[in-house]
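Use these hints to put chain V onto chain L, whose structure you have.
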Amino acid sequence: MRTLIFRTVAPFLSSLMILFSVFVLLRGHNEPGGGFIGGLIAASALAIYGIAFGVSPVRRAIRFHPMALAGFGLLLAAIAGILSIFSHVPFLTGLWIYPKIFGVEVALSTPMMFDIGVYFVVFGSITSTALALEERERD
Amino acid sequence: MTFYALFLPFVVALFAPALTRILKHNAAWVLALAPAALFVHFLGFLGAVADGGRVTGGVQWIPSFNVNFSWMIDGLSLTFALLISGIGTLIVLYSGGYLKGHKHQGRFFSFILMFMGSMQGLVLSDSFLMLFVFWELTSITSFLLIGFNHAEERSRRSAIQALVVTGLGGLSLLAGLLVIWNITGVSEMSLLLSTGNLLRDSPFFIAAFVLVLGGAFTKSAQFPFHFWLPNAMEAPTPVSAYLHSATMVKAGVYLLMRLNPVMGDTVAWETVLPIFGGVTLIAGTLLGARQTDLKLMLAYTTMASLGLLVMLTGFGTEGAIAGAVLYLIAHSMFKGGLFMVAGNVDHEAGTRDITRLGGLAGAMPVTFVAALFAAISMGGLPPFVGFLAKEEIYYGLAKGDTWSVVFTIVAIVGNALMFVLGFAVALKPFLGPKVETPKHAHEGPVLLLAGPVVLALGSLFFALFSGWSHEHFSTPMASAVMGHAAEITISIIPHLGLALYLSLGTIALGVLLYLSLAKIRSGMAALLAGIGWGPDRGFDQAIVGIVKLSVAVTRLVQRGRLEFYITATLIFLALAILVPMGIAGEWPAVPAFPDLYFYEWLLVLIAVLGLFAVIWARNRLTAIVSLGIQGFAVAVYFMLLGAPDLSFTQFMVETLSVVILALAMTRLRLSPQDHRSAVQTVTDGIIALAAGGALTLLLLRVLETDFDASLTEFFNEYSLQIAHGRNIVNVILVDFRGIDTFGEIAVVMTSGLAILALIRVLPRRSRSALSEPPKNPQNAGEAV
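Residue numbers (my numbering), protein chains in the order written: chain L, 1 to 139; chain V, 1 to 784.
Keep in mind the hints are simulated off the structure, nothing from the lab. The beta-carbon is built from N, C-alpha and C at its ideal position, and this holds for glycine as well. Just to be clear, a hint being listed does not mean it is correct.
Okay, derived cross-link-like pairs now, SDA-like style, lysine to any residue, Cα gap no bigger than 25 angstroms in a straight line [unchecked claim]:
hint : chain 1 : residue 1 : chain 2 : residue 2
1    : V       : 428       : V       : 513
2    : L       : 100       : V       : 722
3    : V       : 103       : V       : 172
4    : V       : 548       : V       : 17
5    : V       : 439       : V       : 724
6    : V       : 548       : V       : 560
7    : V       : 434       : V       : 513
8    : L       : 100       : V       : 721
9    : L       : 100       : V       : 724
Part of the chain L face toward chain V, derived, beta carbon under 10 angstroms [claimed, not checked]:
hint : residue
10   : 30
11   : 31
12   : 33
13   : 40
14   : 43
15   : 47
16   : 62
17   : 66
18   : 87
19   : 88
20   : 91
21   : 99
22   : 115
23   : 135
The following label-pair restraints were derived from C-beta to C-beta distances [unchecked claim]:
hint : chain 1 : residue 1 : chain 2 : residue 2 : range
24   : L       : 68        : V       : 743       : 18 to 26 angstroms
25   : V       : 705       : L       : 65        : 42 to 50 angstroms
26   : L       : 64        : V       : 585       : 40 to 48 angstroms
27   : L       : 64        : V       : 545       : 45 to 53 angstroms
28   : V       : 596       : L       : 60        : 34 to 42 angstroms
29   : L       : 64        : V       : 562       : 31 to 39 angstroms
30   : V       : 705       : L       : 68        : 43 to 51 angstroms
31   : V       : 57        : L       : 60        : 57 to 65 angstroms
If we strip away everything but chain L, and leave its shape as in the complex, we get (with noise of 0.2 angstroms):
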């Protein structure tokens, strides 16, 4: 799978991928889209990237190992639903809150934390599979 053309193409559709997997992730409370669909779209866009320059530099391009951004992701979906301890409210109650950032009201909300650590388990857990996986092929 090493053309020339993959090879040339693979890393610009790679970032592009990862973009709009982050779009994907942020629109999803009103739109289609949400942290399952981004993160598999992220994982997708890694398994491009190692299909074209091999397990390595994604290993390296990534930083942390794939399995620890899917724990990271666990943690952030669990602290989502323990926040709401303090609020006297049930375990994973959403909460809202309207910060002004740059004059525009950025709605965040508790929900949207689940939602990012439901894209990180996800990515996280595939990619590690796939790069497990290729990486064994070329032994």
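Chain V only, in chain L's frame:
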């Protein structure tokens, strides 16, 4: 205050290792302040419970289930709490000296404090659930302490054995408490005690009774569950002194005493308890007589004493209960002291084999005196509390009918043998000609002496000022056990009467047996060798049997062949759907011919073509890629139906699963061609058709039922209103059903980890692990 008192030992346990790193063994002086503070705190309750009063308190824990974090202090729990914190203080000091210089001394302090907290929680618990939680915590901390020398295989085995036996008993207790909860409708001891005859009259009384006994008998080492207790002597001596004589093993007795007002006075109670207790008493003393190890001799007398306590608790007379109460207090003090003495001898002389010890009295005078005091109390001689206990026991037992006469004789024989063993431990190492010991013996430091000396003096003062001690300790405790006011008046001034004559008889018998101890020892050794089998070996056999069974079951169902798994799963799936449908006659009607647009037909056509491509593909890789065709067609169809989220996800899942499947296939190094025989192909085809057909039929049948739109309407209406999101699918995932999603992502992550582990395992190693039987089933059993 009491609420924080419950947590204090656990909190101190957290800091114990760090403190020990700074102060070395002298940390004991600081750490002992915690139990000492608890002791003082509990002393403050003496007045409140003196006339049968009861102090309760607590906080709500799970209000929706009516579960509270509640405690109760009455005469029974207060005496226990004082014993636990009082002896605990001495034990912490003693551990400071005993394990001086041990590299894990800090860890030991931590474990013993955690145990202290668990035991204290157990006796103070009012709520059933708390009682159970603390009960199990004592099992777990006991496991940690017995296995403290974890580098030795014997320690590990003993620790696991104790955990398995008492843990199973704990489960039995849980079941028993739930039965009681169900019968009476109350989940707190203080409420249970005022339910009168409700429990006794219930048809399920026997069930509750047997289950509770399962917990009490395993914890208190009653025959035939006694075998873990002698093995637990692998633990360092402070543990034996604290857990396995003074406190934890008495948890079972505590439970029986606690339930006596609501479960006692029944035929079952007054038959089963005395019989098991009596057998344990005699068996314990006889087994102890054959030992030469100081700690093992004491361990078996502990077992015997627990038997005596159970027997007295179940005997049913007020005198017997009073005897049990006094004996429990006496036993905690003299047995804790004797264990510490045995530890001192071991620590200073280098052995605790009684045949290799002698003449230490000159070198260790303080230890000797403490040992002598404890043995006098254990032998039931004045002026120690053991004497009061024995008088009260005989007073309570001797009633004239055959039943009482039998148990009086049992008590006399048991007490005489304990007299023998107590004095053997206290006299043999110290008197007689000086024997060469592995270490040059001399008196231990004050940390090692404080415990035995204080306990010996305690035994003395309790008896000398019996009026005061009865008023504050024994009378409130006996009242709590009986469930109504009682009074203990016995003092060290002997009264001429049957009880005194029985005591004298016991002492005479004891002296006689002491002189022929060597003969009894060899006789018992020969007898046990003749029997050859005991519950201890039975335990090993049971564990090995369980391991063998699980290996056999694993071999049967886990063949390690993917084909077998898939075939079995699909056949079962087909049967699970088709058989109930057939039995209920719920077949779907033939659906009407669908009215579709031409582009929809096109998608159906593509999906079907994709399927045929999979089936007719020559090459496995082609088959996998063709599987994607059908998936994409379905994804497009979802889009047409107006489900963009579903469609997106389907696209991504299809893409990724084709990539991952292809990667996995190349990695498996399969031959690219399918080599199945024609017969095999047809059989597999039939199984596949059956499973696919069954699912189709099920879906058709489901679609025929009326659609309940109330959930859809709810989500439509409230998605934006209360969850601030217009994408209903996403709102359901992250908000309305967030906890489901949370569980799912946890599963995703766990499977990710499992896949990673599977891939990393070398194929050769995994195959050999499956086909080779474990080399040594004995070890396999112990590893469980």
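Cross-check of the supplied hints:
1. V:428 - V:513: 14 angstroms, holds
2. L:100 - V:722: With a Cα-Cα distance of about 22 angstroms, the restraint between residue 100 of chain L and residue 722 of chain V holds, given a limit of 25 angstroms.
3. V:103 - V:172: With Cα atoms ~38 angstroms apart, residue 103 of chain V and residue 172 of chain V exceed 25 angstroms; violated.
4. V:548 - V:17: 41 angstroms, violated
5. V:439 - V:724: 79 angstroms, violated
6. V:548 - V:560: Roughly 19 angstroms separates the two Cα atoms, so the pair holds.
7. V:434 - V:513: 24 angstroms, holds
8. L:100 - V:721: At roughly 22 angstroms apart (the allowed maximum being 25 angstroms), residue 721 of chain V and residue 100 of chain L satisfy the hint.
9. L:100 - V:724: 18 angstroms, holds
10. 30: Result: holds, 4 angstroms to nearest chain V Cβ.
11. 31: Because about 6 angstroms separates residue 31 of chain L from the closest Cβ in chain V, which is inside the 10 angstroms limit, the hint holds.
12. 33: 7 angstroms, holds
13. 40: The hint holds - residue 40 of chain L has a Cβ within 10 angstroms of chain V, the shortest such distance being about 4 angstroms.
14. 43: With a minimum Cβ separation of about 6 angstroms from chain V (threshold 10 angstroms), the hint on residue 43 of chain L holds.
15. 47: 6 angstroms, holds
16. 62: Hint on residue 62 of chain L: violated, closest Cβ of chain V at ~15 angstroms, above 10 angstroms.
17. 66: 8 angstroms, holds
18. 87: Interface hint status for residue 87 of chain L: violated (15 angstroms vs cutoff 10 angstroms).
19. 88: Cβ of residue 88 of chain L sits 14 angstroms from chain V, so the hint is violated.
20. 91: 7 angstroms, holds
21. 99: 15 angstroms, violated
22. 115: 5 angstroms, holds
23. 135: 8 angstroms, holds
24. L:68 - V:743: 18 to 26 angstroms: Because 21 angstroms falls inside the window, the suggested range holds.
25. V:705 - L:65: 42 to 50 angstroms: 47 angstroms, holds
26. L:64 - V:585: 40 to 48 angstroms: 57 angstroms Cβ-Cβ, so the 40 to 48 angstroms window is violated.
27. L:64 - V:545: 45 to 53 angstroms: At 47 angstroms between Cβs, range holds.
28. V:596 - L:60: 34 to 42 angstroms: 50 angstroms, violated
29. L:64 - V:562: 31 to 39 angstroms: The hint (31 to 39 angstroms, Cβ to Cβ) holds, given that residue 64 of chain L and residue 562 of chain V are roughly 32 angstroms apart.
30. V:705 - L:68: 43 to 51 angstroms: Taking Cβ atoms as reference, residue 705 of chain V and residue 68 of chain L lie about 46 angstroms apart, which means the hint holds.
31. V:57 - L:60: 57 to 65 angstroms: With a Cβ separation near 60 angstroms, residue 57 of chain V and residue 60 of chain L satisfy 57 to 65 angstroms, so the hint holds.
The structure is inconsistent with the numbered hints 3, 4, 5, 16, 18, 19, 21, 26, 28, although it conforms to all the rest.
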